[in-house]
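Colleague: Each chain, letter by letter, is given below.
Number of protein chains: 4
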Amino acid sequence: MVKVGIVGISGFSGKVLLDILLRHSQVRVTYVAANSTTGRVDEIWPEFLGRTSLVCHKYDQAQAVEACDLVFLALPHMESMKVAGALVKAGKKVVDLSADYRLKRSSLYKKWYHGEHKDPKNLRKAVYGLPEMFRAKVKKAQLLSNPGCYPTAALLGLAPLMALHSGDVASVVIDAKSGASGAGKKVTEALMYCGVNENFKAYKVLQHQHTPEIEQYLSIMAERPVVIAFVPHLLPIDSGILETIYVGMKENVSLSALHQLYRKFYKTEPFVRVLGPGVQPEIRHVVRTNFCDIGLAVSEDKRMLVVTSAIDNLVKGASGQAVQNMNIMCGFSETEGLL
Amino acid sequence: MVKVGIVGISGFSGKVLLDILLRHSQVRVTYVAANSTTGRVDEIWPEFLGRTSLVCHKYDQAQAVEACDLVFLALPHMESMKVAGALVKAGKKVVDLSADYRLKRSSLYKKWYHGEHKDPKNLRKAVYGLPEMFRAKVKKAQLLSNPGCYPTAALLGLAPLMALHSGDVASVVIDAKSGASGAGKKVTEALMYCGVNENFKAYKVLQHQHTPEIEQYLSIMAERPVVIAFVPHLLPIDSGILETIYVGMKENVSLSALHQLYRKFYKTEPFVRVLGPGVQPEIRHVVRTNFCDIGLAVSEDKRMLVVTSAIDNLVKGASGQAVQNMNIMCGFSETEGLL
Amino acid sequence: MVKVGIVGISGFSGKVLLDILLRHSQVRVTYVAANSTTGRVDEIWPEFLGRTSLVCHKYDQAQAVEACDLVFLALPHMESMKVAGALVKAGKKVVDLSADYRLKRSSLYKKWYHGEHKDPKNLRKAVYGLPEMFRAKVKKAQLLSNPGCYPTAALLGLAPLMALHSGDVASVVIDAKSGASGAGKKVTEALMYCGVNENFKAYKVLQHQHTPEIEQYLSIMAERPVVIAFVPHLLPIDSGILETIYVGMKENVSLSALHQLYRKFYKTEPFVRVLGPGVQPEIRHVVRTNFCDIGLAVSEDKRMLVVTSAIDNLVKGASGQAVQNMNIMCGFSETEGLL
Amino acid sequence: MVKVGIVGISGFSGKVLLDILLRHSQVRVTYVAANSTTGRVDEIWPEFLGRTSLVCHKYDQAQAVEACDLVFLALPHMESMKVAGALVKAGKKVVDLSADYRLKRSSLYKKWYHGEHKDPKNLRKAVYGLPEMFRAKVKKAQLLSNPGCYPTAALLGLAPLMALHSGDVASVVIDAKSGASGAGKKVTEALMYCGVNENFKAYKVLQHQHTPEIEQYLSIMAERPVVIAFVPHLLPIDSGILETIYVGMKENVSLSALHQLYRKFYKTEPFVRVLGPGVQPEIRHVVRTNFCDIGLAVSEDKRMLVVTSAIDNLVKGASGQAVQNMNIMCGFSETEGLL
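Protein chains in written order, with this note's numbering: chain A, 1 to 339; chain B, 1 to 339; chain C, 1 to 339; chain D, 1 to 339.
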């Protein structure tokens, strides 16, 4: 059994991680910690009563090193970078769920996360854990940077096109909608029940910090700079993301060719489901699973492609994908604990 | 007091119409009818208990003519056209909430509504009741075609730009989200609680019947053919529409100039609220009102404009706008019953 | 026009009050204030944009006295009592929506509201504003204590029985369910979207502060001490209360006799709707109205009566009833602004 | 591997059964059927895409007998009794999720389920599968009658009291609230999104068919006839039941003694969690689990006990408990597939 730790158990990602890991047949959770919360995990999250007797400690590096072979960091942005380096140095495998090792250029952190990057050395070494694109690198990673929720849905929705036909792409608009758990457990007026229920709104219009992450990996796939328009919205549901992606094409595109392209691209992927022509993904079908469902449509004039991509923001968009990455890094079956 | 009738009381639009008209100081509801439902209105809609003793009859033209000066038709598409002509001939004012008189070319009905238009003569005479664009014509209308819900939000969101700067517009993508009441009272599996709650999905992707209505009036404003990409989605809320409109620009655009343009365009409009730069509309702020709230944003490279437009689909998107049109047609204060 | 003020505009009751009063034909809102929030009302509550240009001030007694004939206090419990006395002394009519003048004995405030009552003199003078029971007193009231939301539904559900047949009543259990707006605008973890949505729970079991208020007025109606078991629950909806009241009877009771009793008792009441035998109230039918809907059922052995009572906690349970009381106090039509 | 079949895959219970059984390490699902729906399971329920290639057939007894060692019947009431007998005769183990074998007296089916019982012989043999009460009998059962959702929460909430102190119990009122999935997949106007969302109501007041089931097993535990008042309500959530149970006591009761009693009674139960004094169960903590959470409170005068009991109606209230029973019947670990 591999000994794993979770740092950041008091957040939603930490909770979902623990839920998955308790069912995982090849790991044992030996350490849980948080920045400010301490105490029995089944008091922090009463849903775990009867499932675990784990106790959450204030994070202590020596304890983490002592107790774990692999550590999940489910910390807020700009916090993981204070912790990851030492664990890497101690030879531990690290799966970081924050944004801290996702952007290649440290200067981008100043612009999008409003702070100086504290660990540029490891930033260069970190592997971006989208297995469908970078599985070979994930296998050998020591420091794994787990993708953001919006980027996961966007990149999986666009990968076949960008990897194989990027020259035909003229423009990309991503209209993204996420459930409220995407905002984390921050206690703010905007996230009170009576502010989210029976409501819907856009936020951080054209200014969301996931924009550069999406652009960076689309550009890598396309092997040329790709610019997107990205607008996220807040859905009155707990969990789930649906992104509606409008791709303006330079050449005519046919739905059946496109469908074939996507099916082939994802043929062996256990967690990507390309739906038949005319079928649209629904958040309800992916929530609490590690699947990404993809739908395709083409305009009458064949110059506009609409890709719809649905995931659970806390599973394929965070903790499920983190476990998928761990499975690859540790040589387990990639679907262990996730089906 | 003007005597008004509601045909189609058993649908959501009919219900909201009655709710507004019962508070209106210058009309009296003298006739309510439906196609299949009959009986006391407060049994069809228990919320009206103690507010009205009206009884719903099976629609009868002679009764309608006898009882009403003005008739609201809140019937399904392809049904109003069987009824409106006779009322017009009898000299009655008619406000039709269906799509039956919205498209200029009767041939479009075959494509988008799957039927032959039965009343092409009146189709030519009907006035499209978006007061912010066509108030002068509405004043003199006898047969008023009330705009669709999605078109109302889209056209108000784009009118200033299309009327005054359409030459700069390169592309228009409309990502629309609507609450479940937009689908009407049809009893279908897809609209059951457990199919809508905690869910979100796109539907009729690039194939929704409101597309030609939006294109027709954008083209009139722009004085050139305008083509859009339009994708609607189903929100897990009762009522409300938010549309996120991505406008690709041929020239650089500045947010402050745009904001000024919109503010000036709508300066005297009682029901359009242009929000300040950086402020986004929320469905919660317009629901159960006749307001349309508009937000504006511009991309860093100044070539992409994002307009967000929010209405209540049953009020400004249907019954409220119908009453606004009646107010104009009858010479009442335009806001009577609506503030 | 009577000049009215609202103190506590930043809370939900204050907002709903303003919404009703802006449509009221015989008053003008001349003053709005709050304890901590200041600024344009349409910035505090964007839904009012285009409906009012009122500005919210930090509460100032001299200003309130100067500007208003009647003042609504929509303040937190234990705050109204600091303000009401001076307004009464200045000859103003006061409608207090807090609990501060509801309990007859000041000692009860220590137990249930954890503080010393600051204004026992006016506590004795205050009139409890449940018009269906105390209309004659309300007419002459200067200081009106507006009932709590749970008590309104409970007292209206039990009044006919308690006023006319209290001798037959053996036991009263009140199982109450309320939407999230009942908790006010407190920003707490328990009221975050992800804690209320898709959830349901009891709270303050047998310990809610509305218990003594309900018992006090049931006892007045019954002319003997009445003790209840009261358990409130939190519903995942914005607004609305449904109470299911189980009355154990000493004598057999018949549904038809009971139904007649209730119908007769409320015959002339504009806001109480006694539903037919077999019909159950639904929150949806009363929400955003000042109605209280009542359903009745009797057990097979005729010894248990189940009364179901539904209101909107913010309307009949707070601001709507406050306006109803103002209408009576000022000699307006009792339903003005409320139908 | 034990070969199991699911008859009634098109309903919610069937779906949840399959979800659990696909993760179960000791069974293989070899047969799925339904009454009217046929085709690939991942088309009936798109959430199963990529998880199973099972095909649903119209139910055929010979096929079921051929393919399965144990059959789950997730059929509507009055349908299971047409099918179960033959499977039992063929020597198969049967777990029936309908009500068809729950009531001891076949005459009760006429009153509560409006039909003649077709299989009274097996009715006598069937074992009621509430493991916490009848584990020894479950072990040897061939025909297992899985408890109803409301009865499960009620019986677990009352078992310690009824088994050990029934003499002190004077009255039992059960106020029950269930999510919409409890009504099954019927396509009716009452279950449409806009009829359930933002709504709440009681239904079948004092007339719900689970009443005799609860009374029958309370009476068995108490060893005397127990009569209850039972009122169910419809919650605007997908899944989950909370019951608030008011027990009038003939003798004083202390919260700490009661708490001890419950803790001791359920000490070795893997799926019943007795919460600490002052802690209330929440639907959110049990949803999608097989747990039943129980909270306790006592009135000031010590004569009223309030038990709150929460389960997921589709898991512990249906399919989870069915698997728990199968585990016991087959000698598997009781928690296999369920933690």
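One thing to keep in mind: the hints can contain errors.
Since the list can't tell identical chains apart, any single copy or any two copies may satisfy a pair.
Claimed, not checked - The list that follows gives simulated cross-link-like pairs (lysine-lysine, DSS-like), each with its CA atoms no further than 27 angstroms apart: (1) K137 to K185; (2) K82 to K264; (3) K104 to K58; (4) K137 to K104; (5) K104 to K302; (6) K89 to K3; (7) K121 to K302; (8) K58 to K92; (9) K139 to K185; (10) K204 to K140; (11) K302 to K185; (12) K264 to K204; (13) K3 to K264; (14) K250 to K302; (15) K137 to K267; (16) K92 to K104; (17) K204 to K186; (18) K267 to K82; (19) K110 to K302; (20) K125 to K267; (21) K137 to K82; (22) K267 to K104; (23) K140 to K186; (24) K302 to K186; (25) K139 to K125; (26) K82 to K302; (27) K302 to K204.
Hints listed in this document are in silico derivations from the structure and should not be mistaken for laboratory results.
Colleague: The structure should be examined with respect to each hint, and the outcome stated for every one.
Modeller: Verification of the supplied hints:
With identical chains, the CA atoms of K137 and K185 are never at most 27 angstroms apart, being 32 angstroms at best within one copy and 46 angstroms at best between copies. When the C-alpha separation of K82 and K264 is checked against a cutoff of 27 angstroms, the pair qualifies neither within a copy, at 41 angstroms, nor between copies, at 47 angstroms. Within a single copy, K104 and K58 get their C-alpha atoms no closer than 30 angstroms, and across copies no closer than 50 angstroms, so neither meets the 27 angstroms cut-off. In this homomeric assembly, K137 and K104 come within 27 angstroms of each other (Cα to Cα) only inside a single copy, at 15 angstroms, whereas the closest approach across copies is 58 angstroms.
When the C-alpha separation of K104 and K302 is checked against a cutoff of 27 angstroms, the pair qualifies only between copies, where the shortest distance is 26 angstroms, while the shortest distance within a copy is 35 angstroms. Taking the closest pair of Cα atoms, K89 and K3 come within 27 angstroms of each other only inside a single copy of the chain (18 angstroms); across copies the shortest separation is 50 angstroms, beyond that limit. In this assembly of identical chains, K121 and K302 lie within 27 angstroms of each other by CA distance neither inside one copy nor across copies; the values are 46 angstroms within and 35 angstroms between. In this assembly of identical chains, the alpha carbons of K58 and K92 lie at most 27 angstroms apart only when taken from the same copy (19 angstroms versus 54 angstroms across copies).
Taking the shortest Cα distances, K139 and K185 never come within 27 angstroms of each other, neither inside one copy (32 angstroms) nor across copies (44 angstroms). Taking the shortest Cα distances, K204 and K140 never come within 27 angstroms of each other, neither inside one copy (36 angstroms) nor across copies (44 angstroms). Taking CA atoms no more than 27 angstroms apart as the test, K302 paired with K185 passes in neither setting, with 43 angstroms inside one copy and 35 angstroms between copies. Proximity of K264 to K204 under the C-alpha cut-off of 27 angstroms is restricted to the inter-copy arrangement: shortest distance 26 angstroms between copies versus 35 angstroms within a copy.
When the C-alpha separation of K3 and K264 is checked against a cutoff of 27 angstroms, the pair qualifies neither within a copy, at 37 angstroms, nor between copies, at 34 angstroms. For a Cα distance limit of 27 angstroms, the shortest separation of K250 from K302 qualifies both inside one copy, at 10 angstroms, and across copies, at 22 angstroms. For the homomeric pair K137 and K267, the shortest alpha-carbon distance inside one copy (20 angstroms) is at most 27 angstroms, but the shortest distance between copies (49 angstroms) is not. For the identical chains of this complex, K92 and K104 are intra-copy neighbours only, at 22 angstroms inside a copy versus 61 angstroms across copies, given an alpha-carbon limit of 27 angstroms.
Taking the shortest Cα distances, K204 and K186 sit within 27 angstroms of each other both inside one copy (17 angstroms) and across copies (25 angstroms). In this assembly of identical chains, the alpha carbons of K267 and K82 never lie at most 27 angstroms apart, being 39 angstroms within a copy and 44 angstroms across copies at closest. Within a single copy, K110 and K302 get their C-alpha atoms only as close as 40 angstroms, which misses the 27 angstroms cut-off; across copies the closest is 22 angstroms, which meets it. For a Cα distance limit of 27 angstroms, the shortest separation of K125 from K267 qualifies neither inside one copy, at 30 angstroms, nor across copies, at 51 angstroms.
Within a single copy, K137 and K82 get their C-alpha atoms as close as 24 angstroms, which meets the 27 angstroms cut-off; across copies the closest is 58 angstroms, which misses it. Taking CA atoms no more than 27 angstroms apart as the test, K267 paired with K104 passes in neither setting, with 30 angstroms inside one copy and 47 angstroms between copies. For the homomeric pair K140 and K186, neither the shortest alpha-carbon distance inside one copy (35 angstroms) nor that between copies (49 angstroms) is at most 27 angstroms. Taking the closest pair of Cα atoms, K302 and K186 never come within 27 angstroms of each other, the shortest separation being 44 angstroms inside a single copy and 33 angstroms across copies.
Taking the closest pair of Cα atoms, K139 and K125 come within 27 angstroms of each other only inside a single copy of the chain (14 angstroms); across copies the shortest separation is 57 angstroms, beyond that limit. With identical chains, the CA atoms of K82 and K302 are never at most 27 angstroms apart, being 49 angstroms at best within one copy and 37 angstroms at best between copies. For the homomeric pair K302 and K204, the shortest alpha-carbon distance between copies (16 angstroms) is at most 27 angstroms, but the shortest distance inside one copy (31 angstroms) is not.
Consistency with the previously given hints fails for numbers 1, 2, 3, 7, 9, 10, 11, 13, 18, 20, 22, 23, 24 and 26, ordered from lowest to highest.
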